[in-house]
Structure formats: C-alpha cells, structure tokens
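Colleague: Take the sequences, apply the hints, and build the full model.
There are 2 protein chains.
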Amino acid sequence: MSKSINRRDFIKTSVLAGAGTLLVPKVVLGHPAVREKVRLGFIGTGMRGQWVLWLAAKRPDVEITSICDIDEGMIASALKILKDSGKPEPRVYNNGDEDFRNMVANEDLDGVYIATPWEWHHPMSMAAMNNGINVGTEVPAALTVNDCWDLVNTSEQTGKFCMIMENVCYRRDVIAVLNMVRQGLFGELLHLQCGYQHDLRHVKFNDGKQPYGGGVEFGEKGFSEAKWRTLHSVNRNGDLYPTHGVGPVSTMLNINRGNRFVHLTSTATKSRGLHKYIVDQAGTDHPNAKVKFKLGDIVTTVIKCANGETVVVSHDTNSPRPYSLNFRVQGTDGLWMVDNDSIYIEGVSPEPHRWESAQPFLEKYDHPLWKRFEDQAAGSGHGGMDFFIVRAYIESLKRNVPPPIDVYDAVSMSVISPLSEQSIANRSSLVEFPDFTRGKWKTNARIFGLNDEF
Amino acid sequence: MSKSINRRDFIKTSVLAGAGTLLVPKVVLGHPAVREKVRLGFIGTGMRGQWVLWLAAKRPDVEITSICDIDEGMIASALKILKDSGKPEPRVYNNGDEDFRNMVANEDLDGVYIATPWEWHHPMSMAAMNNGINVGTEVPAALTVNDCWDLVNTSEQTGKFCMIMENVCYRRDVIAVLNMVRQGLFGELLHLQCGYQHDLRHVKFNDGKQPYGGGVEFGEKGFSEAKWRTLHSVNRNGDLYPTHGVGPVSTMLNINRGNRFVHLTSTATKSRGLHKYIVDQAGTDHPNAKVKFKLGDIVTTVIKCANGETVVVSHDTNSPRPYSLNFRVQGTDGLWMVDNDSIYIEGVSPEPHRWESAQPFLEKYDHPLWKRFEDQAAGSGHGGMDFFIVRAYIESLKRNVPPPIDVYDAVSMSVISPLSEQSIANRSSLVEFPDFTRGKWKTNARIFGLNDEF
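The listed protein sequences derive, respectively, from chains A and B.
Sequence positions in the first sequence follow our numbering and run 858 to 1311.
Sequence positions in the second sequence follow our numbering and run 858 to 1311.
Treat the hints with caution; some may be incorrect.
Stated by the list, open to error - Straight-line Cα separation of at most 27 Å, DSSO-like style, residue types lysine-lysine; simulated pairs:
(1) Lys-915/B to Lys-1299/A
(2) Lys-1078/A to Lys-1133/A
(3) Lys-937/B to Lys-915/B
(4) Lys-1297/A to Lys-1127/B
(5) Lys-1299/A to Lys-937/B
(6) Lys-1151/B to Lys-1133/A
(7) Lys-1151/A to Lys-1299/B
(8) Lys-1299/A to Lys-1299/B
(9) Lys-1151/B to Lys-1127/A
(10) Lys-1151/A to Lys-1066/A
(11) Lys-1297/B to Lys-1127/A
(12) Lys-894/A to Lys-1149/A
(13) Lys-1149/A to Lys-1299/B
Derived from the structure by calculation, the hints contain no laboratory data.
Quick caveat, the model's predicted, so the values are computed rather than measured.
Modeller: What follows is the structure in structure tokens.
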C-alpha cells in the first residue's frame, strides 16, 4: 500500500496551476493523452460495481489497483472478475463503512469509481477529491442541496473533477436526438419530457439471496439494492431518481452552458404499489405489510429553464408497467417521442400532422461516437451506453481534461431529488434551483458529445 | 314571437318543486320522457353551431324555434340547413350582441344550445337559466372563477341545468377506457394524463374569407374563430382549452362525485410559434409580425385530486405536431396510453412489462352506448361523439332529468383556465380549486355513462 507521493503531488500541483483550464470547459478535440495508463480504485463492488469493473478490466489502459467494499461476497466476485480478466490482484479495503477513507488517503490513484448506496456518493466523492483524486460517481451524486454545494466547492478548490456516470446521455437514440437538436432539426426547443418509469418492485424487494424478486424482504433482510434502496421509498417522497431522464435533457438544453434550471414544482400520487406488492406476494400477515411507504407511486416534476423551455420529469417505480424513460423533445419545427418511436418535422415529414417512424432519423443522425465505436460498444451493457460513459471517464483521466459531464451537471441533475421532496412537502409549491455555476452558465461552452473523441 | 307563458310557468314551477330531484344526481335508468319533443334555441350559428344544428335538425324529437347570431352570413347558412332538413323556419334574433337576451326572454324554449365565442358562454348561460331555460353550452363554460360560481349559483337557484357539451367524454376509445376503469381493469387509479395538443395555427390565422389558413389575419380582419379565439393567445397565458382532456379524465376519476380537484400548478414555455408562423407566412413586414403573444407555446398543468391521484394536462396549440389528446390512464394494475395505442395490465398482458395493442381491449370494453347507437353515430362528426353529446342533452330535456355532465362538471373543467393563468402569473405557484359542490362531492353519485340510455 505504498503511496507515490511525488507523482501524486506533481499531478496535484500541475492541475492546480492549470485550474482555470480544468474548470473552464472547452472543446477537448485533439487533446493528447498525458498518461498512457490510468490507475483506478473501485469503491463499491456490488452488482453495478462489478459490471463496470468488468468493463474497465477489459481495457489495457486501465490499472485497477484497489477495491473497497463492506461485503466479502461482493469482494470475492470482484477479485474473480479481475483474475479472469488477467489483471493483477488489487489491494482490498474491506474494514467497514469508513475504510474508503484509508483507500483514498493511501493509494496513488488517478480516479475512483463509486458505485455504492446513494447516501455514500457524496462523502466518498468528497474524500477522493480532498485527497487529490478525480471522481466518477454513479447517480445521484448527492442527496441534499448542501451536499451538492459541497461537491462543487470541493471540486473547485481541489482542481479535481467529479463526473457523474450518467450513461443514458450516451444511449444511441438519445445522443442521435442530441445530434438532431444541435443541427436544428426541431427548430428552437420548447418542451422536453423525460423520466424514470421502471417497475422496480422486484429490485426493492427480494428473498435476501437473489438480487431480483423472489420475496418481499428489504433492509437488513434484503440483498443487493433491496438492502438500502427501498429505505428511500419508506422515508422520502420525491423524484428519487431523476438523472437518467434529466441527464440527456440537460445536454439538449445546454444546461449549465447557456441555460439553467430555474424552478420546479413536484406533485406525487398516493402511495399504493409497494404495500400492494407485499400483500399480494406474502399476505397481510407478513411484517412488511405494516410498513408505511412515503414515496408516492408516480411523481411528476415540472421544471422551468432560464431560456424559457419546460421539462416534465416522471418518476414511476412502484407499479407494473413497461420500461420507458418517457422522452419527448419538442421545438418550434417538430418533435420526437420515444414511446411511439416517432418523429414529426414540419416540411420534412411527408404528410402534414402525421407521425413518421423515428428510425430513419436515428440512423441518419447517428452520433459520430457511435459510428466510431459501434463494434466495441456492443455487449458492453445497457445497450452499449456503459461502454461510452466508462470510456469518457477514462479518456478524461488519460488526457487530464475536464470530463464531458462535470460537477455542475452532477449537481444540477441530482439536486432535483431534494428540491422535489421540498416541493411535495409543501403541497407542490415552487422551489428555486440554486445556481451552482455562480453565473458561469451564461458563458460556459458546451462540453458533451462534441465529436467522436468522447 | 308569442310566448306560451302558461306552459313555461308550469314547467318552471314543477321543476322548482322538484329541485332536490333535479340537483341530486341519481341513476336515470328508466326515466320516461315527460315530453315528446323539445323546443331548442340556438345561440351562435357559426361553423360549430351549424354543425350541431344539422345534427339536431335530423331528429324528429327536436323543434328549433329560434336562432341567434350577429353575422348575417352565418344566419343564412343556418336557415338553409333547417330548410334542407325540412324543419320550419325559426324566429331569428340578429339585432346585435345582446339580442340573445330578447330571445331567452321571449321564446318558449326547453333549452338553448350555445356555440359562441368563449367569453359569451357565461352571460348567455346566465340569461337562459334566469329565464327558466336549460343550457347546453360549448366549452369552456366560463373564463373566470367568479363566473364559474355564477353558473353554479344560478343553476341551483333556478333549478335549470347547465350542461357543458364536452363531446370527448363520448369518444369511443375514451368511454371504453372509462368502462375499463369502472370494471377495475387498471386497479386503483393513480395518475392520468390528458391535454389539447392540436396545431391551431391555421385556425388562429386565416385570410379573412375561409375558416382555416390561407393567411395570417386575425381579430377584425380574421374569419370565424380567427376573429376572436386568437385574441386569447394575445392576452392570456394559461391552459386556454382544458376540457377536451379533463372532461373524460373527470368521469374516470369521479370528479364531483366522490373525488375532486384540489390544487394545481401550471408552467408555460416561451411563446414562439404564433409569431414564427406569421413571419414564415407573411414576412416581418406584415403588421401582425409586431403582435406580442402572451400564450406560452406549451403549458403543462399538474392537478392533485382529493383521493390522491395526479393529472397532467398539456396545452399545445401553437406548434406543428400531430393531433393528440395525450391520454394516459394508470392504476395499480396497469395503464393505457393513447399515443402508442397500447395497454399493459399485469397478469393479463401476455408478456411481463411489454405493451400490447389496446385494440382488443377497446373492442371488449366497448361502451353500451356505442354498441346501441353505433349506426346512428356514424358520420355525425368528430368520430361519432357529437351524436352522443347532442343526444344526451336532448334526452335530458325530454326526460326532465339532470344531464350526465352537469354544472359542477362544467365549472370544475372550465376553471382550470383561470387557475392556470393565475399559477403561471405567479411563477408556477400553487393554486387551490374552489369546491363548487360545497362539500357535496363527498356524497354525490356518478351520473355519466352509467348505461346505454345517455
């Protein structure tokens, strides 16, 4: 567990000297790699962490020198993944909840990847940045407004970045639509919809042995996400998981770079689905049938942007339904809607006021990144988008440039959860977004999806 | 223009004596007609009025004894419709804006049908009820909260009803879905969506001669709806036209009969579409290119109901797009969505979490009214739904029973416009719905679509 102080200090110093460069986004085209390999530490090697570990381990330019988890079974699985990938055995930090602090203090890392329960993303990101290590964190980056500010302030003070690993920004259809937006196909944007509509009942409850379904246990008796994620449904009422929808929408609306979220209102339905699931599966006598879930089954949030656009965000995880991220992108010339896989563009679509299939548009506007990396992305998880988000993180580290989804994006997406909770607690009253860029959104340039680099 | 005072007073007295019966909704099954024919007056014989006049004139149980309009051309068209239908020539009230008052004072009518510019619906409905005449008014019934109260108070005081002619309640798919809701297919309702997404640019602007398109004139230089409707887009920012979506949703949610709308928030996008249309069609030098339109292109309203459901209402009339009323009906067991013409019901749909076509469900749950009147409804306008709404109005008059969509429905739908304007004017702040039933919503029974009568 030796620590290469010299190398570490060198990087820290050089980065701080160039902090202006790091924090002022700019086109990264043509930035050469400043290091051939990056040293990564993995904090959290549960189901999601293992998947990303497997992806990262396939790359010859990645060294995974340490991993951290509190669950011996998960660590064993992670070690096997690395062994099977032909990677050297990493140092293991498994000494309880706070051992990640030893890892970021002792290890000479270019970056950490964090895939732990939501409430740990903030303290782990903070600890990493404060030890001179860049961060790639799973969503959401933080759960409170104060913790969002913490991340911004710490990133600015340390010169380390905090990238949120919002993979849906790279979903093939979504980034093709971003391409359409930027080429003006929809005209001036007016209204976007998105959300997280995913029946998570089999994720929130299981039998304590398998990750998905088979029982109605959660918390201490649950396994994997049911161990912790379900408690958020017990204790919170708001949009608990906005980033898969809002991430892509933010890139299309140039949030934090020419635009920003100004205010929102959130409205929740009653809570029925989780209790019903328990009773339907295990009867009214099961102890969990007494649990009161605070989370409304469907939460609708409406955001107003500085440039006059509106965004509707749906959160819908307690009910039986087909999966959908609810995307709609509408401008003065037409719109795309994901649920009917259709587009209508005035003057382009053959029949007035009639939908046409989105597929030819998605092919025509396929993003340069997908054209370049299509073969590598195949089979990399979540329809290929995991390949791109992991690659973007690693390439940012290698080139020592700001990531394409930065700390301002991390917090402007994540803060929707606490703001929506606040709105719902006050009967859908208006809640203002903090301006985490402190005015820089007015002049910041775009950083995401600019070319085929990352 | 003689007035049968005796008959009129008889009806008025008998109705007032039975006011409790009239105002307490109950199942109308088996109510016999108390009169074989109804005498109708038509106020407003523009495009919409003529259509309904043509429908009503086909019925042997309808006498159209008077019509009222300020436009000689429209009156001439209406007279021709009646003549072609073999109906006697009605008395004509055409002496300016206020001549409708003479009509309702002088004529012996069972009901009036009102199809005038929106701002006239309230004073005309008031005048009719105050003269002992029942009302069927086009949507919306009123434009302000006070005017909504006026209608309620006047209906209660006079014992006359005020039916809002919300035809979409009878749309074949919509009333089939109501049937599904009532048979419990979706489980307990949680979340509904609806709206008015209709590119009205060719309605809001024309050449002053034809009703649809051909120019960018409106107001005094416009024709038909462009003469008056467009001014609402100049002067108001809110959901100007909520009832086509909210009407059906109200029947599904039992609004005013076991449930009610409690509060809403509304958020509007910037206003771009109407100005752009003028400039695109007629250039920046056209005088109308200087007009500032207050109406945001897309207005999103979120309503919370007393029983914990939420409703999202979209208003989207300034942009190129396919027509859609945006329906979604979601409960604890599954959902229907109109835009992809699909349904998913847990335990019923063959594949977990996969949509199936809504068509077999729409056929299976076809409403008894449609089964009975399918042949007559065909060709009657707006996919047959105009047949049912006109029939419901006339049957209510003939049987002397409350209509299936009453004054409380008229105002709880219509009031969304002024409330949404208020919310938008205060940056999407929360606005409370008045309880127009004064608590009776808790015990009122359902009145709409109960059987195959009307």
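Colleague: Now look at each hint and say whether the structure bears it out.
Modeller: So, going through the hints one by one against the coordinates:
no.: 1; hint: Lys-915/B to Lys-1299/A; result: violated (63 Å)
no.: 2; hint: Lys-1078/A to Lys-1133/A; result: holds (19 Å)
no.: 3; hint: Lys-937/B to Lys-915/B; result: holds (14 Å)
no.: 4; hint: Lys-1297/A to Lys-1127/B; result: holds (23 Å)
no.: 5; hint: Lys-1299/A to Lys-937/B; result: violated (62 Å)
no.: 6; hint: Lys-1151/B to Lys-1133/A; result: violated (46 Å)
no.: 7; hint: Lys-1151/A to Lys-1299/B; result: holds (25 Å)
no.: 8; hint: Lys-1299/A to Lys-1299/B; result: violated (51 Å)
no.: 9; hint: Lys-1151/B to Lys-1127/A; result: violated (35 Å)
no.: 10; hint: Lys-1151/A to Lys-1066/A; result: holds (26 Å)
no.: 11; hint: Lys-1297/B to Lys-1127/A; result: holds (23 Å)
no.: 12; hint: Lys-894/A to Lys-1149/A; result: violated (49 Å)
no.: 13; hint: Lys-1149/A to Lys-1299/B; result: holds (26 Å)
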